[in-house]
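Taken in sequence, the protein lines are chains D and W.
Using our numbering, the letters of the first sequence map in sequence onto residues 7 to 256.
Using our numbering, the letters of the second sequence map in sequence onto residues 907 to 1104.
Please keep in mind that the hints were generated in silico from the structure rather than gathered at the bench.
It cannot be assumed that every hint is accurate.
Now the in silico label distances, taken between C-beta atoms and shown as ranges [to be verified]: (1) Thr987/W - Glu202/D: 24 to 34 Å; (2) Ala34/D - Asn1004/W: 40 to 50 Å; (3) Thr987/W - Pro65/D: 23 to 33 Å; (4) Arg32/D - Thr1086/W: 15 to 25 Å; (5) Arg1104/W - Arg66/D: 23 to 33 Å; (6) Glu986/W - Ala34/D: 52 to 62 Å; (7) Ala980/W - Arg66/D: 54 to 64 Å; (8) Arg66/D - Asp941/W: 19 to 29 Å; (9) Ala201/D - Ala1053/W: 45 to 55 Å.
Sample of chain D residues with no beta-carbon within 12 Å of chain W, all distances over it, derived [stated by the list, open to error]: (10) Leu63; (11) Leu194; (12) Glu202.
Think of the CB as a built atom: it goes at the ideal place given N, C-alpha and C, for glycine as much as any other residue.
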Amino acid sequence: MTHVNACERYLNAIQELVDGTLGPIRRAELELHLESCDACRALAEDLQVIATAAQSLEPRIPPDRVWQQVAGRLRAEGRVSGTGPTAVRRHGVAILALAAALVLVVGSSLYFLKRQTPAAPITAPPVASAPAAGTPQPASGNPAAATPVQADDMATDLAAIDKHFQNLIEQASTKDPATAAVLQKNLLVMNEAIAESRKALEADPQNRSAQLYENLKRKIRFLQDTIALMNSMRQGDAAGAAEIVESGKS
Amino acid sequence: MATSKATRPPALVPAAAGPNRTEELALVERCRAGDLAAFETIYRAHAGRLYSVACRVLGNPTDAEDLLQEIFLAAHRKLETFRGESALGTWLYRLAMNLCLDHLRSRATRSGQLTDALDEEYGLDDSGSRRLAERTVARMDLERAMAQLPEGCRTAFVLHDVEGLEHREIAEILGIAEGTSKSQVHKARMRLRAMLGR
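Construct the complete structure from the given sequences, taking the supplied hints into account.
Set out below in structure tokens:
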């Protein structure tokens, strides 16, 4: 034990050796010590292995749905010129635009809730009801003037827009019944999770709001994925659609 | 003993070969005019690196996906202010790190956790039962262990040992002292050694 304590003074030098920033004099002193100390030599070698492994980590590839969601939001906000698929039926465009607008409205409220009221109990400005056109109204336009509502009201709003997504799923079922089944199953699982969170929130309002928040967030992501999936299917992007479906199964 | 910094590329330079500076400025100009295809070119050139660092700093891919969206939406809004003094990749990287840190602060506030305040000290005795130098450290094992680190030392470790930034740059990005960056990286390595040696 005394030996280990004596070695403590070499810990910084060992780290700097791994960093490559140890000066020549201290390096010579450390190397002398390492020749006679198994524990310090093992530490230096292990830390070098970790640093080398960290350098060799490979880049991760983001799922393509991220770009589709970015592009969708830029289009919905009117910040880019439309480059959408040309062979899309008007009825499909209307439903997709409505669905995207609804997700944006509820998602914006959730984002506002996350940024403005991090501590429980969670409150948020009122969520707009379904807009008639594709352009979403900012839900957090004037926080000071907004009447606070409980976070679980947002779950009610999300449940209310389920029927629009049921339409999307029905459209998918005509082309791909298996995909529609996966979407239907995920929607059911998330609705059950949200219902459970709301029960828990009623029982313990101070401590369960984070759980409801996470479940609402999951559902919004699912709804965004559904829109991305429908776009991929319409554009004939089978690989993109398959990737979204696979990620939805997990 | 070989040192890890000798072969490092210059820090904060985009790793992937993308468009040159003139091409970048032309792309940015097209983005400002609302050209989605131009913005997609920028996204494809930089999203991989930003997603990788976000995954590792935040500790999970789900949050990283959300953040990647926010990064590129914010980038599109802020492109008006991009003057080309630095490479677009560097500009995006700084924007991404700012949003990453905002996310971490927000998460810490929500969960009421100040994880680094709970740090334990790891020393020579905490090597676990298996010597790392005598075997290969699988990348997946390292990724999993990194995700378990406290946020402060995980961020410093990712930026230094994975991303190759200097402590000076990390200190500037994170708003901490250079010495704090060093000690966080050192602490992370000691914890990883203990976790990987089990």
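How the hints compare with the structure:
no., hint, in the structure
1, Thr987/W - Glu202/D: 24 to 34 Å, "45 Å, violated"
2, Ala34/D - Asn1004/W: 40 to 50 Å, "42 Å, holds"
3, Thr987/W - Pro65/D: 23 to 33 Å, "27 Å, holds"
4, Arg32/D - Thr1086/W: 15 to 25 Å, "21 Å, holds"
5, Arg1104/W - Arg66/D: 23 to 33 Å, "25 Å, holds"
6, Glu986/W - Ala34/D: 52 to 62 Å, "55 Å, holds"
7, Ala980/W - Arg66/D: 54 to 64 Å, "20 Å, violated"
8, Arg66/D - Asp941/W: 19 to 29 Å, "28 Å, holds"
9, Ala201/D - Ala1053/W: 45 to 55 Å, "30 Å, violated"
10, Leu63, "6 Å, violated"
11, Leu194, "20 Å, holds"
12, Glu202, "20 Å, holds"
Going down the numbered hints, you'll see the structure goes against 1, 7, 9 and 10, while the others check out.
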